[in-house]
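Number of protein chains: 2
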Amino acid sequence: MTAPAAGERVAVVEVGPRDGLQNESTLVETEAKIVMIEGLVDAGITRIEVTSFVNPRWIPPLADQADVARGIQRRAGVEYSALVPNLKGYENAAAAGMRAVALVVSASETHNRKNINAGVEDTLTRYAEVADRARREGVKLRGYVSTAFGCPYEGPVPVPRVVAVAERLLALGAHEVSLGDTIGVASPRQVGEMLQAVQAAVPLDRIALHLHDTRGTALANALAGLEAGVRVFDSSVGGMGGCPYAPGAAGNLATEDLVWMLQGMGLQTGIDVDKVAEVARAMGRLLGRVLPGKYSQAGPWQARPPAP
Amino acid sequence: MTAPAAGERVAVVEVGPRDGLQNESTLVETEAKIVMIEGLVDAGITRIEVTSFVNPRWIPPLADQADVARGIQRRAGVEYSALVPNLKGYENAAAAGMRAVALVVSASETHNRKNINAGVEDTLTRYAEVADRARREGVKLRGYVSTAFGCPYEGPVPVPRVVAVAERLLALGAHEVSLGDTIGVASPRQVGEMLQAVQAAVPLDRIALHLHDTRGTALANALAGLEAGVRVFDSSVGGMGGCPYAPGAAGNLATEDLVWMLQGMGLQTGIDVDKVAEVARAMGRLLGRVLPGKYSQAGPWQARPPAP
Numbered sequence: 001m002t003a004p005a006a007g008e009r010v011a012v013v014e015v016g017p018r019d020g021l022q023n024e025s026t027l028v029e030t031e032a033k034i035v036m037i038e039g040l041v042d043a044g045i046t047r048i049e050v051t052s053f054v055n056p057r058w059i060p061p062l063a064d065q066a067d068v069a070r071g072i073q074r075r076a077g078v079e080y081s082a083l084v085p086n087l088k089g090y091e092n093a094a095a096a097g098m099r100a101v102a103l104v105v106s107a108s109e110t111h112n113r114k115n116i117n118a119g120v121e122d123t124l125t126r127y128a129e130v131a132d133r134a135r136r137e138g139v140k141l142r143g144y145v146s147t148a149f150g151c152p153y154e155g156p157v158p159v160p161r162v163v164a165v166a167e168r169l170l171a172l173g174a175h176e177v178s179l180g181d182t183i184g185v186a187s188p189r190q191v192g193e194m195l196q197a198v199q200a201a202v203p204l205d206r207i208a209l210h211l212h213d214t215r216g217t218a219l220a221n222a223l224a225g226l227e228a229g230v231r232v233f234d235s236s237v238g239g240m241g242g243c244p245y246a247p248g249a250a251g252n253l254a255t256e257d258l259v260w261m262l263q264g265m266g267l268q269t270g271i272d273v274d275k276v277a278e279v280a281r282a283m284g285r286l287l288g289r290v291l292p293g294k295y296s297q298a299g300p301w302q303a304r305p306p307a308p
Numbered sequence: 001m002t003a004p005a006a007g008e009r010v011a012v013v014e015v016g017p018r019d020g021l022q023n024e025s026t027l028v029e030t031e032a033k034i035v036m037i038e039g040l041v042d043a044g045i046t047r048i049e050v051t052s053f054v055n056p057r058w059i060p061p062l063a064d065q066a067d068v069a070r071g072i073q074r075r076a077g078v079e080y081s082a083l084v085p086n087l088k089g090y091e092n093a094a095a096a097g098m099r100a101v102a103l104v105v106s107a108s109e110t111h112n113r114k115n116i117n118a119g120v121e122d123t124l125t126r127y128a129e130v131a132d133r134a135r136r137e138g139v140k141l142r143g144y145v146s147t148a149f150g151c152p153y154e155g156p157v158p159v160p161r162v163v164a165v166a167e168r169l170l171a172l173g174a175h176e177v178s179l180g181d182t183i184g185v186a187s188p189r190q191v192g193e194m195l196q197a198v199q200a201a202v203p204l205d206r207i208a209l210h211l212h213d214t215r216g217t218a219l220a221n222a223l224a225g226l227e228a229g230v231r232v233f234d235s236s237v238g239g240m241g242g243c244p245y246a247p248g249a250a251g252n253l254a255t256e257d258l259v260w261m262l263q264g265m266g267l268q269t270g271i272d273v274d275k276v277a278e279v280a281r282a283m284g285r286l287l288g289r290v291l292p293g294k295y296s297q298a299g300p301w302q303a304r305p306p307a308p
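Chains as they are written, first to last, in my numbering: chain C, 1 to 308; chain X, 1 to 308.
Since the hints were derived computationally from the structure, they do not count as laboratory data. Hints are not guaranteed to be accurate.
In silico SDA-like pairs for lysine to any residue, Cα to Cα no more than 25 angstroms straight-line [to be verified]: (1) X:K275 x C:Y153; (2) C:K114 x X:G71; (3) X:K275 x X:G71; (4) X:K275 x C:K140; (5) X:K114 x C:Y153; (6) X:K275 x C:P156; (7) C:K140 x C:D42; (8) C:K114 x X:P305.
Produce the entire structure from the sequences given, and follow the hints as far as they go.
In structure tokens, the structure reads:
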């Protein structure tokens, strides 16, 4: 256990514009996406995944990927990244000015085939080409391991499998690998045990957690991750997103709730939780529903004097 | 730290029928409340707070207190309790067949005055009479410390104040005291620190946590409580309830999410999470909104074979 000391820094990687929106059924205008991204950066977010360079036919909500990438006003000190599924995606991302990309592979074979239409081994081979180009072109690489805590098709996923896939991504040149609880089935105990196993092979400062709140445990799992030594967490403003395997279910861990908890624990994120909450409420209006993030619904804690 | 071992038992105290419904604006029929309570007991709940014997003028949603208390089919091995604000409430509860009652006092003076219309000291004096009667009549007594982690009027609440109020309730004869994060502002670190301070004065097996999810941290705070040695948690089916100080905000920790997490950690609750989720969905239909509990929206994790 390496519970964080007060004042320690914790990094938040905002994935709402990509992982959140790709699972929302309501289309959001490109301009609104740009406003959201810039609003989040204004709030202090310094790492943000802005879109995915997938084939727009597969994920229509992100069909404006290049326009988003080109439209955002880049700010110094902020890392803007995009998911890329293959070399073509990488090339499109690079052409649109992206200097950081992320690759995703599942820990479970079946989910990878359903998600990427290729086996895990073939996917990693294909990624080697992308990684090679990224290295030569000085583009930063991040890896995701999906279904690290459970697969909608295969059920439990063996821990050594997760460790092996994470190691492969790091070997490709990823500076960091984010372990995804894609369908929101992890328990805090499982998170702790997983990180203990991972730590034997990979230093934890290269591991992030990507948690979904499908069954309400995302923030508790983040706490377990913190206590085990992880200091990088992915989250989505407002808890945008959903779960294709559980229609109507909640999406990613909400950025504002994560930041509020970290701040309450005396940890430093550099993020203004109330500005994130403002963006969350604005996105809720655009999407026509109250987003699941709680802090943005409750607002700050302001002690009020009693009525006379 | 006394993190629970796998297989250890954790008790869940269902407070939805009281703390949940008293903060819901939609009135629920008495018969529907009885169906809910019996459904929760069917699901394996063995401790349940069924209503509050307050003056119906103050809390109209619970005006049918006596009818609920009399209407439920009691099952052996299940503890049905009710909140009582004073001797008159106690007498009404006892007359309606309640064999367990709970007393609530705030850790902060101002909240207590707003909530109970009396100072903390006067409230405890008044409770001594109730406690005396309960002892003589063999009625089980539980205590709540409200605003233990923060007050909507006074802000932070000194830890020694919380410990002192908890000790007073135990001295009155309460078998257990539940520390309430009434407005949902606690952080996991604060929970851990509070329990460490409490433990110096009171054995933790007489302490429960009553967490609200106003800002999304209820389950993470429960995890911190578990790790610190608490084994009794209050929760509300579906996360029913709200917060009078944050209109539109989430209510209590949702029973189904708590049970799902505990079960995922290999802990025993004796509760069937899917049956709780069914009750949560039924209550959502009655209240005309999707309740905040996540597990009841997502449903169980069923690994599905891939499409051919």
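Checklist entry - Which numbered conditions among the earlier hints are violated in the structure presented, ordered from lowest to highest? => result Violated hints (numbers, rising): 2, 4, 5; every other hint is consistent with the structure.
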